[in-house]
Amino acid sequence: MFDEKLARKAAINLKALRAQKPLIHNITNFVVMNFTANALLAFGASPVMAHAPEEVEEMVSFAGALVLNIGTLTHPWVDAMLMAGKKANELGTPIVLDPVGAGATAFRTATAKKLTDTLSISVIRGNASEVLSLAGEDSQTKGVDAVHGVDEAEGAALALSQKLDATLAITGPVDLVTDGKRVLRVFNGHERMGNVTGTGCTATALIGAFLAVDGDSLEATATALATYGLAGEEAASESKGPGSFHPALLDALFNLNSEKLEKKIRIKI
Amino acid sequence: MFDEKLARKAAINLKALRAQKPLIHNITNFVVMNFTANALLAFGASPVMAHAPEEVEEMVSFAGALVLNIGTLTHPWVDAMLMAGKKANELGTPIVLDPVGAGATAFRTATAKKLTDTLSISVIRGNASEVLSLAGEDSQTKGVDAVHGVDEAEGAALALSQKLDATLAITGPVDLVTDGKRVLRVFNGHERMGNVTGTGCTATALIGAFLAVDGDSLEATATALATYGLAGEEAASESKGPGSFHPALLDALFNLNSEKLEKKIRIKI
Amino acid sequence: MFDEKLARKAAINLKALRAQKPLIHNITNFVVMNFTANALLAFGASPVMAHAPEEVEEMVSFAGALVLNIGTLTHPWVDAMLMAGKKANELGTPIVLDPVGAGATAFRTATAKKLTDTLSISVIRGNASEVLSLAGEDSQTKGVDAVHGVDEAEGAALALSQKLDATLAITGPVDLVTDGKRVLRVFNGHERMGNVTGTGCTATALIGAFLAVDGDSLEATATALATYGLAGEEAASESKGPGSFHPALLDALFNLNSEKLEKKIRIKI
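Chains as they are written, first to last, in our numbering: chain A, 12 to 280; chain B, 12 to 280; chain C, 12 to 280.
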C-alpha cells in the first residue's frame, strides 16, 4: 500500500514551508509566471521572479531554492539562468530545472543540456518526452506536450539520474521519481491538470518550495508532487472545466493541512 | 435566418480539432499568453509559445497554424514573427494575424503593414479601428480599443481583403468576415467579452486552431468566431462580472459539443 | 470617524473614470500584466501595455496617466520607462511608480532612485520595506515582500514625500497616504489581498486610473486604495481561498457603484 512515512513527510514539509516562508527565485516562462507565483504563495512560499543579469546573483543569494524553466527561452534568459545557477551552486542552494519542450526544438534540447552540463542540478522535472530527449534517446516532443508514456522513460530517468547525480521526476498519470537508486511512484493527481497550461511548470516550482525545507531531494520531490496532486484532486471535484479548475486548484493548495496530507497522500516505494 | 450549413461546419471543425489536436504556434503578447494558451487547450488544440530566433522556424514546421499578435511588440519579436512567417509560407502553413493597436502608434501600424507586405497571411482579425488603419484610411485606435463601429469598416475590409488576398475579420457586437467576395456575419457573442482583456487576441488564436483543420479560410474564421461567441454567451449567463466570466469562458469552451453548435451557431451569409 | 467628504470623492472619481474611460499606459512586470489590465478594465479605465522605445512616447501622449512598475525589470525596460516618463512630464500627464522589490537588490533600489531622480513622479506606492529603501534608510525587502510595518515607515514616507514633492502611499493592513503635509489612513482592505500576487501592483495601476480624473494626487491615491480595498472586502466574503478571490475581486471592482462607495469607504484624516 501507500507509504505512511512519506505521507507524514509531506505534512512535515508543508508545515516547515509555512513556518519559514522561504523565498523561491524563479526564472521561468511568460505563460506561467502569474500562475506559478500564485501557486507558490498559496502553498506557503514567498515567490520572486527576476531575470536581469544585474540582479539574479544577488536575488538568488536570499533564496531557499532556484527554479529554472525554459518554456519561452531566449539567449539572454539562458545567460541569466546560468549566472543565477552558478551562484546557487556556490551557496549550496538547490536548483530545480523544468526542461519545457526539450526534444521539440534543437535550441531547447541544447539549452537543457547546457544547463545540466554546467550546473549541479538537484531535481529535474519533465514529461516523458522531455526526459527521454535529455537522456539523448530518440524522442519527440509535440511542442510542449509529451508523446511518450511515463513507464517508457523509466530506464532513461534512472540512467540520467545516475549520470547527473540528480533526482529525476517524470510526471504523468502516475508520477515517477528517482534518485538513480530508489524509485518512488506518486498516485495523487487528476487528469484535469492536463487541461490547464502551466500545471507542469507549477509542479516544478512547488518542488522548489519543498527543496527549500527538505534536504532529501527525492523525498522533497515526491512529497511536493503528491501534495500538489492531492490539491488537484480536490479542485477537480469542485470544478466544471479547466477554467473553474484553475482558481479551485489555488484554493485547494491554500487550504491543505497536515491531517489531509497524512490521510490522502499516495506514494509507493 | 442563420445558415445551417455553417452551423454544421462549426461542429465538424470542432470535432476535427479535438481528433487531431494540432500544434498551434503563437508569437503573441505578454498580457494574453496564459489566457490564449488555456483557451486553445480548452478548445482542443495543443498550444505552444516560442519566439526565439533560434527555434521559431523549427517550431512552426510542426504546427498546424501560426498565430502572430503584435500586442506588446518590440523589434526582436517582429523579427521572430517574420522568420516564423516566412517558414510557414514555405510550408503552406496558414498564418493568422492580430494587428493589436494598429492605428494607435506609428510603430504598430508600420509593423502590421510590414507583416502583411512580407508574408502571405490567411486571416487578419482586428477591431474596426485596427482594420481601418491597415487599409490606410484615416483611423484612430484608443490604445488597443476600437473607436469605430464594425459597419464603418466594411468597405475597408472588403478592399483590404482583395488587396491582400486574405480573409478579413472585424469583431464587434456582430462580427464581419469577408474574403473579398463573400461577406459573413456572426451573431454569436456577448458584450461581457469586451470587459475582459485578451478576448480579441484569443479569438484570433482560436481562428488559428480551426485554420489547422479547415482549408476554407472564410469558413474556418466565421465558425471559430461563432463557436467562441457561443461559449461567451454561455459563460455570461454563469458569471457575475468579468472576473467570474473568465473561468466560465474556458469551461464553456471545454464543454462545447456538436449538438450545441448545430443548434446555436448563428452565422448569416 | 471616517471622512465623509473623501467617501463622496471616491464615488465622484469612479463616476468620472467610467464616463471618461481614460487610457492608462502601463510599463509593468510580466507577472501581473494580465491581472492589472483586467482590473483597470473592471474599474472603468482603458488599459494599454507598451514598452517598445519606438512607441512609448506616442502611446503615453494619448494617456491619462502612466504607470511604471519595476517588478521584472531589465535595462531596456528601464530605458523605456525613462522615455515614456519624460514625455509624460512634458505633457503634464501624471506618473505613478511602483518600486517593486526596492531594497531587495541593488539594481532595483538604484533603478527606483534613477526614476525618482530623473522624473517628476506624482505618486509612489510601495510596501513599507520598499519605501524605507527609497528613503535611503537601512531596510530589507524579502524578494518583493515587506519585512517592515507601515507605521515604521511613516517618518520615511513624510520625508521622502517632501523631498520628491510626491504623494507617498504605503500599503499594508492599514494604508498610509501622505503628500508631505497631510496624512490619510485607508482602512478598507482584506488580508486575503496578501495571498494573491500582484494585488499591490494592481493598487498602483488603479491609483493611475484615478489620477487621470482627479488632479489632487493625495485624494486620488487614497480614494483609489479605499475603493480597491472595498472591492477586496467584498471579494473575500465570496471566496474560499486566493484562487476564487482573484475572479471575485474583478467582479467586485466591476460591480462597485456610488452608493456602496459613499457608505463603505473608510478613510481617516
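It is worth saying that the hints were derived from the structure and are not from the lab. One thing to keep in mind: the hints can contain errors.
Remember, identical chains collapse to one label, so a pair may be satisfied in a single copy or spanning two.
Straight line, CA to CA, 30 Å or less: simulated DSBU-like cross-link-like pairs of lysine-lysine [unchecked claim]:
| no. | residue 1 | residue 2 |
| --- | --- | --- |
| 1 | Lys-26 | Lys-124 |
| 2 | Lys-32 | Lys-251 |
| 3 | Lys-16 | Lys-174 |
| 4 | Lys-26 | Lys-279 |
| 5 | Lys-275 | Lys-98 |
| 6 | Lys-279 | Lys-32 |
| 7 | Lys-174 | Lys-275 |
| 8 | Lys-97 | Lys-16 |
| 9 | Lys-251 | Lys-174 |
| 10 | Lys-271 | Lys-174 |
| 11 | Lys-98 | Lys-16 |
| 12 | Lys-174 | Lys-26 |
| 13 | Lys-124 | Lys-271 |
| 14 | Lys-98 | Lys-124 |
| 15 | Lys-274 | Lys-124 |
| 16 | Lys-192 | Lys-251 |
| 17 | Lys-251 | Lys-275 |
| 18 | Lys-98 | Lys-125 |
Hints, verified against the model:
1. Lys-26 - Lys-124: This pair counts as neither: shortest intra-copy Cα distance 35 Å, inter-copy 38 Å.
2. Lys-32 - Lys-251: between (32 Å within a copy, 21 Å between copies)
3. Lys-16 - Lys-174: within (28 Å within a copy, 59 Å between copies)
4. Lys-26 - Lys-279: Intra 22 Å, inter 39 Å, cutoff 30 Å: intra-copy only.
5. Lys-275 - Lys-98: Answer is neither; intra-copy 38 Å and inter-copy 50 Å both fail.
6. Lys-279 - Lys-32: within (28 Å within a copy, 33 Å between copies)
7. Lys-174 - Lys-275: Answer is neither: 34 Å inside a copy and 57 Å across each miss the 30 Å cutoff.
8. Lys-97 - Lys-16: Intra 34 Å, inter 56 Å, cutoff 30 Å: neither.
9. Lys-251 - Lys-174: Answer is neither: 43 Å inside a copy and 45 Å across each miss the 30 Å cutoff.
10. Lys-271 - Lys-174: Close neither inside one copy (37 Å) nor across copies (53 Å); limit 30 Å.
11. Lys-98 - Lys-16: neither (34 Å within a copy, 54 Å between copies)
12. Lys-174 - Lys-26: neither (33 Å within a copy, 44 Å between copies)
13. Lys-124 - Lys-271: neither (38 Å within a copy, 47 Å between copies)
14. Lys-98 - Lys-124: both (19 Å within a copy, 26 Å between copies)
15. Lys-274 - Lys-124: Neither, since 39 Å and 51 Å both go past 30 Å.
16. Lys-192 - Lys-251: neither (41 Å within a copy, 41 Å between copies)
17. Lys-251 - Lys-275: both (23 Å within a copy, 21 Å between copies)
18. Lys-98 - Lys-125: Close inside one copy (16 Å) and across copies (27 Å); limit 30 Å.
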